[in-house]
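Chemist: When you get a sec, could you build the whole thing from the sequences and use the hints?
First residue of the sequence shown? That's 1 in the numbering used here, and the numbers climb one at a time after it.
Among these hints, one or two may not hold up.
[What the hints assert, rightly or not] DSS-like cross-link-like pairs, simulated, lysine-lysine; straight-line CA separation at most 25 Å:
(1) K120 x K110
(2) K37 x K65
(3) K81 x K124
(4) K26 x K15
[To be verified] Computed spacing ranges between beta-carbons, pair by pair:
(5) Y100 x E7: 17 to 25 Å
(6) R82 x R2: 33 to 41 Å
(7) V39 x G125: 17 to 25 Å
These are computed hints drawn from the structure, not numbers from a lab. These numbers were taken from a predicted model, which means no experiment stands behind them. Don't be surprised by glycine CBs; every beta carbon is placed ideally from N, CA and C.
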Amino acid sequence: MREIIKEPDKLLREKCETVDNFDEAKQIVEELLIIVKSVSKWWNRWLGFAANQIGHSKRIIILRKGGNKYQAFINPILTEKRFPFLYIETCYSLNPKRYYLVRYLWSKIKYQDLEGDWQKEILKGPSAVYQEVDHIEGILLSEVGLRIF
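Modeler: And the structure:
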């Protein structure tokens, strides 16, 4: 099992490459799922994870969809966001720091599924999608949030 990359590793600050090999993407998603499920606890379930956090410079994220279920988003693009609110987030790659930042309660995302087909989805409520998309853009919470502790 791969290690989770932590700051100051340069890969966390690099924009990830577009995915065009979906067999490789499936393998990366499987790795992400194994790791996120191994570190999540019943009192602290991870909301999302990005491929570059385990050493793959690919535009792949997973988001928690409830319980211990996660969904993969390949080459995700946030196309619309509404209803800003102030939120506190943390990131395992920056652990244990916490940051205040503006996120959104409603988002529209365009992405490819594991077969390479384009999909659109609306996400409602607090979502890790912003942090994970930032990750694959090479942006860390420490750059967009206000550290509180």
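Chemist: Is 17 to 25 Å a correct range for the gap between the Cβ atoms of V39 and G125?
Modeler: About 23 Å separates the Cβ atoms of V39 and G125, which means 17 to 25 Å holds.
Chemist: Given the hinted pair K37 and K65, is their Cα-Cα distance within 25 Å?
Modeler: Measuring from Cα to Cα gives roughly 13 Å; hence the hint holds.
Chemist: Using the beta carbons of R82 and R2, state whether their distance is inside 33 to 41 Å or not.
Modeler: holds (36 Å)
Chemist: Verify the CB-CB distance for Y100 and E7 against the hinted window 17 to 25 Å.
Modeler: This hint holds: roughly 19 Å between Cβ atoms.
Chemist: Taking 25 Å as the top limit, are the C-alpha atoms of K81 and K124 close enough?
Modeler: Holds: K81 and K124 sit about 10 Å apart, inside 25 Å.
Chemist: Against the 25 Å threshold, does the CA-CA distance of K26 and K15 hold or violate the hint?
Modeler: It holds: about 20 Å lies between the C-alpha atoms, which stays within 25 Å.
Chemist: Given the hinted pair K120 and K110, is their Cα-Cα distance within 25 Å?
Modeler: Holds: K120 and K110 sit about 4 Å apart, inside 25 Å.
Consistency note: the structure conflicts with none of the earlier hints.
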